[in-house]
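Each residue of the sequence shown is one higher than the one before, counting from 15 in this note's numbering.
Treat the hints with caution; some may be incorrect.
[Said to hold, decoys possible] Using C-beta positions, here's what the derived DEER-type ranges look like:
1) Val209 to Ala74: 20 to 28 Å
2) Glu120 to His192: 29 to 37 Å
3) Leu95 to Pro44: 35 to 43 Å
4) Ile17 to Arg129: 25 to 33 Å
5) Ile172 to Leu145: 21 to 29 Å
6) Ile17 to Ala168: 23 to 31 Å
7) Ala124 to Asp174: 44 to 52 Å
8) Gln90 to Pro157: 19 to 27 Å
9) Lys45 to Asn199: 29 to 37 Å
10) Trp173 to Ala93: 18 to 26 Å
11) Leu216 to Leu145: 40 to 48 Å
12) Pro171 to Glu120: 15 to 23 Å
13) Thr151 to Glu120: 39 to 47 Å
Rather than coming from a laboratory, the hints here were simulated on the basis of the structure. Virtual Cβ for every residue (Gly too), placed ideally from N, Cα, C.
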Amino acid sequence: PHITYVEEVDVTALEELRAKMNAERRPDQPKLTILPFLMRAMVKAVVEQPDVNATFDDDAGMLTCFGAVHIGIATQTAAGLAVPVVKHAEARGIWDCATEMNRLAEATRAGTATRDELTGSTITITSLGALGGIVSTPVINHPEVAIVGVNKIAVRPIWDGTQFVPRKMMNLSSSFDHRIVDGWNAATFVQRLRVLMETPALIFIEG
């Protein structure tokens, strides 16, 4: 049994930062998408909600929570869906996350990813990019207990207290195993992601 929680995120500031970082990147650095920022936000958020960075053994009834954050990235290939894993995201910066994610995606689509690169995730991200719609109900990557779904970014008029202003808005649609993560903890985790992504400087603060 799982629950899906959807939250609207104002990514205007994050998108401005991403554009600036891309404009200043070195030739050997990949072009940043929003996913490396989300990965780093997840690393911070799971510290406060460790039960979402976990796996559950149905047969043994055993929950295993992890200190390390191994983030699966759902990837479409010619052979179907695969989930390469960015290991130890907690030890990686934005550029390192982006580089490793791109390397794994290329290897997965080419069919050269190793078994180790396709296993061992503790939590997963799924994104359809521009095709992402406004809401989705992601399926949890068993035996994990949580998956974060990224929907498309759209410019919408948002009331700032005195007038409507255009803001870049994106929904996070996240699913959780309700046997492990109750509604309050699920909402708390996603709300923390929202705060981090709406104030992206927080993503870069150590500790």
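For each hint, the structure was consulted:
no., hint, in the structure
1, Val209 to Ala74: 20 to 28 Å, "violated (35 Å)"
2, Glu120 to His192: 29 to 37 Å, "holds (36 Å)"
3, Leu95 to Pro44: 35 to 43 Å, "violated (22 Å)"
4, Ile17 to Arg129: 25 to 33 Å, "holds (31 Å)"
5, Ile172 to Leu145: 21 to 29 Å, "holds (24 Å)"
6, Ile17 to Ala168: 23 to 31 Å, "holds (25 Å)"
7, Ala124 to Asp174: 44 to 52 Å, "holds (47 Å)"
8, Gln90 to Pro157: 19 to 27 Å, "holds (22 Å)"
9, Lys45 to Asn199: 29 to 37 Å, "holds (35 Å)"
10, Trp173 to Ala93: 18 to 26 Å, "violated (46 Å)"
11, Leu216 to Leu145: 40 to 48 Å, "violated (29 Å)"
12, Pro171 to Glu120: 15 to 23 Å, "violated (39 Å)"
13, Thr151 to Glu120: 39 to 47 Å, "violated (29 Å)"
Hint violations for this structure: numbers 1, 3, 10, 11, 12 and 13, all remaining hints satisfied.
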